[in-house]
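Make a model of the complete structure from these sequences and hints.
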Amino acid sequence: MAFPRSGQRLPWARTVFWLYVATLMLPLLWMFGMSIRPNEDILGSFSLIPQRVTFDNYVTFFTDAAWYSSYLNSIIYTSLNAVMSLVVALPAAYAFSRFRFAGDKHLFFWLLTNRMAPPAVFLLPFFQIYQSVGLFDTHLGVAIAHMLFNVPLAVWILEGFMSGIPREIDETAAIDGYSLPRFFIKIFLPMIRSAIGVTAFFCFMFSWVELLIARTITSVNAKPIAATMTRTVSAAGVDWGLLAAAGVLTIVPGAIVIWFVRNYIAKGFSLGRV
Amino acid sequence: MSEQTTVAGSQVGGEVVPATPAGGSGAAETRADPKPRNNRAWWLVLPVVVSVAFTAVIPLMTVVNFSVQDVFSPSDRIFVGLEWFRSVTRDPEVRAAFVRTLLFSAQVLLLEIPLGVALAVVMPRRGVWMSVALVLVALPLLIPWNVVGTIWQIFARGDIGLGGWTINNVLGINFNYTLDSTDAWITVLVMDVWHWTPLVALLAYAGLRSIPGPYFQAAQIDGASAWATFRHIQLPRLRGVLTIAILLRFMDSFMIYTEPFVVTGGGPGNATSFLSILLSKIAVGQFDLGPAGAFSLLYFLFVQILCYVFFTVLTRSGR
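These protein sequences, in sequence, are chains A and B. The first sequence begins at 356 in the working numbering and counts up one residue at a time. The second sequence begins at 56 in the working numbering and counts up one residue at a time.
Think of the hints as simulated: they come from the structure by calculation, not from any bench. C-beta atoms are modelled at their ideal positions from N, C-alpha and C, and glycine is treated no differently. Possibly wrong hints are sitting among the right ones.
What the hints assert, rightly or not - Quick list of simulated restraints, FRET-style, between CB atoms: (1) B/F365 to A/L427: 53 to 61 Å; (2) B/N93 to A/L427: 41 to 49 Å; (3) B/S280 to A/M546: 41 to 49 Å; (4) A/V575 to B/D125: 28 to 36 Å; (5) A/P521 to B/D343: 54 to 62 Å; (6) A/S534 to B/Y363: 51 to 59 Å.
The following block contains the structure:
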């Protein structure tokens with residue numbers, strides 16, 4: 356190829372970029388290094404390379420029910436939230452991308468304003484409401500609460516992707532005798548597979564990283580892993596090794612899913628509008 | 056009102072398609088005929104409206120309720136009108152936190168937007184290294200926010216953290232984020248840059264990838280320098296994604312809670328006590344429902360107004 360698509364590259368561009376990535380990784384690697392040291396070594400003397408390597412912290416994590424069950428809790432409610440957000444958002448996004456209707460533009464912008472609500476604002480009402488309707492401390496409750504920011508996001512991302520698909524497809528299907536629901540499930544959904552994947556990923560991600568709301572409306576049964584991590588502070592001080600091990604494990608699910616959607620990440624972040 | 060309609064309209068659906076040089080909302084198809092009008096589409100939107108009503112509108116009404124009453128117990132409450140709003144806006148602690156949060160958001164935007172764009176420009180564009188780079192750069196975004204706090208809590212400590220230890224022992228600067236307010240501020244700021252610059256970089260990267268190859272070929276034939284190519288070809292095409300980046304980064308930095316709470320807990324003193332940290336303290340810690348409700352509403356309103364102003368300014372200047 357005579358002309359590189361990306362334009363002229365600066366000679367030092369690569370170096371600068373990988374240097375940045377190295378800096379980015381440093382705090383992460385440091386936490387990983389901490390998770391495989393015994394606590395005496397962490398506090399005893401400062402060393403770049405662990406003197407003794409131990410996996411005790413990880414063993415503790417996977418044998419203590421309080422730890423691994425809250426890990427599972429987080430995975431359950433984030434998955435539940437992704438599914439529910441998608442089911443609700445798909446028809447709405449289709450409506451926004453295909454039809455004009457009374458108040459559509461206001462509604463669309465209003466949806467995004469919910470993404471701007473400081474979670475701290477909703478803490479008390481959430482606590483009261485979820486307790487009064489029996490959703491307190493349930494996976495379903497957290498999943499519903501996280502729809503607060505994930506449904507608007509899902510609608511915006513999906514609408515962006517759907518608008519990129521020509522409306523002739525819908526019209527042709529209608530002429531061929533497809534009803535709207537049948538067309539939507541048989542033809543349209545398969546066409547926007549990647550958009551659905553990206554949206555599910557973003558719902559999963561924002562639900563996974565959120566702590567404030569999830570912590571407020573749970574106590575034991577649906578307690579998120581992030582809330583359990585505050586347990587490491589005890590009378591004997593902070594259990595740094597265990598805290599670091601738990602931290603490393605919370606990164607794993609995200610790192611796995613990110614690999615699958617790597618080609619669509621940027622587009623999803625820009626709400627489908629690139 | 057009509058202004059809002061046109062602004063929102065230029066983003067919605069994409070049937071408003073003047074070929075702006077910025078290419079704002081790019082992916083939309085260009086069709087002459089408008090979308091059909093059909094009010095039955097409301098049935099498709101209904102589930103979203105119901106779910107958002109339950110998760111956002113009802114709680115917000117509860118907050119409004121709190122904000123105009125003095126609650127002694129569930130059965131004993133009196134209407135106090137705008138009393139709480141007055142006391143909150145006069146509270147010096149709230150005012151200080153407001154200025155602090157605004158300053159933080161400004162610094163975040165000034166650092167992260169240029170850095171993110173620079174990063175996107177030097178990012179590998181194809182092959183396996185592109186995938187590796189994307190995954191590594193995106194990684195901080197997928198870490199639970201309190202774990203981000205934990206990572207930096209460890210990393211910046213002078214005794215057990217690589218960062219803090221290096222500053223203290225190698226550079227010889229006395230650095231302690233639990234005692235010194237400037238150090239605490241810097242730690243929180245650096246943490247935010249670490250955490251969120253990848254978002255700006257990914258957005259800008261997506262924007263750069265959408266620039267057609269012939270633009271660059273033309274620039275190369277004209278013998279344009281790398282800087283000229285960036286300034287006159289790449290940067291203008293980034294307007295759309297940078298609008299989103301600035302909006303998202305403003306909203307999220309202005310609402311920041313978990314990360315500074317884990318690292319500094321708002322301290323030392325009040326040095327990193329941002330609006331949400333103060334709000335949670337009033338609402339959950341002291342259980343002052345009235346002031347917390349009034350505070351919440353003003354906070355929410357301010358975020359919305361500023362986002363709307365940003366949105367309008369950024370989408371207008373491209374026309």
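Going through the hints against the structure:
1. Evaluation of the 53 to 61 Å hint for B/F365 and A/L427 yields a failure: the beta carbon distance comes to about 40 Å.
2. For B/N93 paired with A/L427, a C-beta distance near 44 Å keeps the hint of 41 to 49 Å intact.
3. The hint said 41 to 49 Å for the Cβ distance between B/S280 and A/M546, and at roughly 43 Å that hint holds.
4. Remark: the range hint 28 to 36 Å for A/V575 to B/D125 is upheld by a beta-carbon distance near 34 Å.
5. One distance hint, 54 to 62 Å for the beta-carbon pair A/P521 and B/D343, holds here, with the actual separation near 55 Å.
6. For the pair A/S534 and B/Y363, the beta carbons lie near 40 Å from each other, so the given range of 51 to 59 Å is not met.
In terms of the numbered hints stated before, the structure departs from hints 1, 6, listed from lowest to highest.
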